[in-house]
Each structure stands twice: as structure tokens, then as C-alpha cells.
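First residue of the sequence shown: 2, per my numbering; consecutive thereafter.
For the record, the hints were derived by calculation from the structure and aren't laboratory data. Do not rely on the hints blindly, as some may be mistaken.
Straight-line Cα separation of at most 30 angstroms, DSS-like style, residue types lysine-lysine; simulated pairs [unchecked claim]:
| hint | residue 1 | residue 2 |
| --- | --- | --- |
| 1 | K346 | K445 |
| 2 | K66 | K214 |
| 3 | K75 | K58 |
| 4 | K24 | K58 |
| 5 | K399 | K214 |
| 6 | K399 | K346 |
| 7 | K411 | K399 |
| 8 | K66 | K83 |
| 9 | K83 | K445 |
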Amino acid sequence: MTKDRDELYGLTIRGTDRVMPYKNPYRTHGELSEVEQQKLDRPPLDCVDSIINVYSKEGPSAIAKIPGEMERLKWAGIYPQKQGGDAFMMRIKVPGGHLTAAQVREIGVVADAFGEGPDGTESRVFGSKYADLTTRQSIQIHWIRIEDIPRIWRRFASVGLTTIQGCGDGSRNVLCCPVAGVDADEAFNAYPVVREISAFFTGNREYANLPRKFKISATGCLEDCAQAEINDIGLMPARADDGTLGFNVLAGGGLSDGERMASDIDVFVRQDQALELSRAIAQVFGELGNRENRGVCRMRYLVQELGPEGFRAEVEARAEFDLAPAGESLTRRYRGDHVGVHPQKEDGMFYVGCSVPVGRMNGPELVEVARLAETYGDGTVRLATDQNFTFTGVPGDKVERLLAEDLLTKYSPYPGPFSRGVVACTGTEFCRYALVETKERAVKWARLLDAQLAGEPVGAAPTPDGWSGPNEDAGVIRMHFSGCSASCAQPQIADIGFRGATAHVGNHLAEAVDIGLGGSLGAAPGFIDWVEGARPVNDVPDALLRLVRRYQSERRHDEPFYNWARRIPNDDLRATLGEEGTGTPVLLTTKPIERVQ
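With the hints as constraints, model all of the structure from the sequences given.
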């Protein structure tokens, strides 16, 4: 038994429930949604104590006795898997993606000890007992049993980790540049700001019942690797007129259905004002956001409704300081990853970014990552939004020895352009919303394309600061694969995006994907155009090869794929995708896959 129901193995759950009034939640029907009513009936963070003292002892059947409790588990960082029963996914919060070697080792041990599914559930590509690096710099472990959660929490607490509010209607993991503090070209180190924001919201009841998930990004990086434009709050590096370095503020970005680039609300904040600004925006969202319709309750809909000026006025009315106008933006481009070997700001030191196709690693591999971080680096590991990891603080005389380690043969700093850029959600393996299998398929497609195009110039030009050694940077083409329209793999910002669908093939319904082209962030932000609907998955590899061959022949000097795709008419791109295979495009459907009678 815990001594205090608000003390969760090193994390204090604090504050009072529902301190913010609902000023304008009723838009059409005049009543709260089912989930909102469940949150009023029982505060979501109350489930944490119940997991420890009831559910872990009585099993999943005890959860089912409490209406809405399965939804509340998300506030503890726990999701039910599609398999049902005693099978859960656990999401670990990793603010800014920064981990110590001890934390990485503990996650690996937990994945190996507790993340094994029943016989017959092993992946043909990944095996079992693995963890997934996510697009929010978090880590997820599957096949967790409810009885094991308290002992896992105790293990995590011993190294300073928590899963609280890894999910649910509150602040999710706060993003940052993975090499903050060591990047030779950053404007400033924003990681202390990220830690401060994360510490304020995590376990804070007063901001744990927002209308929907609340995503924050803050970076001093000049290359937008923390993806400010698709977050509810995007804090991007800027310089005020007096030379002060801080953040320009974007608000209301997001993907899924109804994707939206965040709006510039004409605000500059100093680094020491970023937390209060984030709190004030959360208050606006909590008081004015839609709590009636879960389909349109994300903050981007509120920003769209009020307009950037109206939203700014609501924030200023709640902030504890006067808002200053936006400063000079310092963002130069969208880098997207930190794969490769690159110099740090300290002379003679390097960071080494390793490519993990679709982000999946087994437990012993994570333990080995921890060993390598301690042996060759500064004892830290950084997670990136592209589902990869980075070693920092590697002295120049140790780089070649690190590159020679077996693990870096598999998770190479010098991958092929498609393996480097491939990202995928969990798909039908675990998700009840997905229409297609994603991770295994995405890895196979990436490996196939890399093999077919080996030695040819494919991706965007290598970064100029790379390690001068025997290996070469082959560039990158970003392929993001989401099993449904929820966009967990962020297909809208990829060079090539896939979204799960089904297609008629003969007298069958078969797995298929919608294909989109031309997404990017940074200096040239734009979502993909969905060029073709419901292409049967068996046709996709050949279609991609034709498309990339055309890009190779038509690209201008140093032209990235997304820019080429934007200047080619969609009908032409569609024709290239459809030259062979089943031929004409097929109609979209969201029916379950079954044989047509």
C-alpha cells in the first residue's frame, strides 16, 4: 500500500480537480460528451491509486466494474491493446527525449522481463520483448499485465522515470531538439525550459482535465526538428529587438483528421516566460475548448474559431505578463533527424545519431545502448521525433570504435535513404483503429528500395558538417506509414505518406494505402497532397520504385523529394504510381477486411 495516495513512487500528484470553469463547451447539443461526463464523475488521475491497490491485485475484471475506467487509465500512461483482456501498452514520458544510461537500461530490462506476449504473437521481423521509440520522443512497451504495473513503476521511479500522463487529456510529452545543449549551431539550449514545462503539468490535477490531448514543443534548434508547426504550442527560437534570445509562439497545430499548421499569434517570450505562457494557453483551452464533440475538440479548432488575434487576446487576458510582439525568427530549415556523426559545440566532441527503422528495438538492445553510452559517450541517450536515438559527448578518438560496435551495424548512422526516413505507427498489431499492418511492411519496403537503389543518388544532399570518415551520408527520403487516419506516424509531413485503407481486388477486400506526396516543415512548410486512394499494398513497392526513378531523372540540383513532388501535377504523379499493378485507382472504403460474397 502507498502511504499517501498522491505519492506515486517519486511523483507527487498535486492540485485540485476542475479549478477551471467550462465557459463555452456547448456548441450544438448542449451536453458534454460521454468522455467529458466520465471525467466529471471520477477525476482521471484517481485511477492511479486504484491500479496500485485494486486492479493489480484483482485483475482486469475490477477495471470493468467502474464505468469509464478504461478511458481513465490513459492518464496513468496505460492503454488497452486491441487484444483485450490482460494486455496493455505502457507509455513512458521522456521530456525532450533526454535519457540517462541508467534509464535506458531500466527500460530495456522492463521490456525484456514484462513485455512478452502469448505464444504465437511474436513478430516475424522484430521477434518479441521489444519497445517502440515514438514520434513524441517517448517509449512504449506492449503486452504489459495489470498486476505488473506497480512493480514496473517502482523500477522506473528508482531512475527518475514516470508514465503519468503519457496519454489522456492533458499535456503529453514535451518535445525538444534531441541534441539540445550540445548542437554546435543551436541558438540556445531549450532543454531546461522543456523540463520546467513538463514538471509543471505532469501530475498537476488543475491542468489534467483539458478538452483533449495537449502537445507542446520548445526548441532553440535552428532546424525545426521539434516540429513546432504541428503542436498545440510551438515555441521556436527567435531574437527580440533588444537582442534577447527566446521564442516566437505558434498555436493550434496538429494532424489526424483536420490537419492544421499552427498559427503565428505574434508573441515573443523570454525563456523564463515560456512556462507561464504555456500555462495561460492551457487555461484558455481548458475554459473555452469544445467538450461536447470529441471529433473537433483539439485546440486547433479553438484557434481556428477565434482566429490568431482573438486567441492571442484570450491568452493575454490570462497570462501574468504583457505579451510582446514576435521577434526575428531564427529557424532556417527542417532537418527532420540527427542521423550521422556530427561535431558538438565543444571542440573534439561529437554526437552519433543512429537510425532505427520504425523505432522498434528489443530489450537487450536497449541495455546495450546504455552500455555504449557509458563506454563511449557522456552517459546520455537522446530520442528523436523520427523514432531514432543519438549518443552524445563522444570524443573524436572514440568515434571509430563506437561505429565498429555490432549494434551500430544494425542501427547504423549511415543507413540507406529509405531506412533512414521510415516511420510507422503500431498498426493492426496492437491498435483497434488501424486498417493495415504497418511496422513490418514499412521496414520491408524501405529495405527493398534501399537495395534496389543502392549506390545511386536518391535523397536530399547530406548535411555539410558530417564526420569525415570512410562512410557516406546517402541522404534521406521520409516515408511515414499510419494504419488509419489518426496520423500517429505523421504521414502529412513526410516526403511520401501512407494511410491505411482497404481496396477491392477481384472479389476480395484487401489491405491498401492512400498515398500522399510532398510534405515538410521548417522554412517551406506544407502538408502532403493525397495523390492516390486505396492502392493495394502488394502494388506499392513497384509504384514507389517508379516514382523515385522519375524523381531521380527530373530533380533539379540538390532538390529534395518534397519540393519535386510539389511542382509536378498530381495527375502526373498519379499516372506514374498507376502505370502497372492493378491499373486504375480504386475507391476508398473503411469496411473491415473480409471476403466479398
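Legend entry - Restraint check for K399 with K214, where alpha carbons must lie at most 30 angstroms apart: 42 angstroms, violated
Legend entry - Given pair status - K346, K399, alpha carbons within 30 angstroms: Holds, because 17 angstroms separates the two Cα atoms, which is no more than 30 angstroms.
Inset, instruction - Would you mind confirming whether the straight-line C-alpha gap from K24 to K58 stays at or under 30 angstroms? - result: 41 angstroms, violated
Inset, instruction - Assess, step by step, whether the Cα of K66 is no farther than 30 angstroms from the Cα of K214, and give holds or violated. - result: 26 angstroms, holds
Inset, instruction - For the pair we were handed, K66 and K83, check the Cα-Cα distance against 30 angstroms. - result: 19 angstroms, holds
Inset, instruction - Given the hint that K83 pairs with K445, test it: the Cα-Cα distance must not exceed 30 angstroms. - result: This hinted pair holds, its Cα atoms lying about 24 angstroms apart.
Inset, instruction - For the pair supplied as a hint, K411 and K399, confirm whether the alpha-carbon distance does not exceed 30 angstroms. - result: 19 angstroms, holds
Legend entry - Restraint status (C-alpha distance of K75 to K58 at most 30 angstroms): Given that 30 angstroms is the threshold and the Cα spacing comes to 19 angstroms, the pair holds.
Inset, instruction - With a cut-off of 30 angstroms on the C-alpha distance, tell me whether K346 and K445 pass. - result: Given pair K346, K445 is violated - Cα atoms ~37 angstroms apart, limit 30 angstroms.
Checked against the numbered hints above, the structure violates hints 1, 4, 5; every other hint is satisfied.
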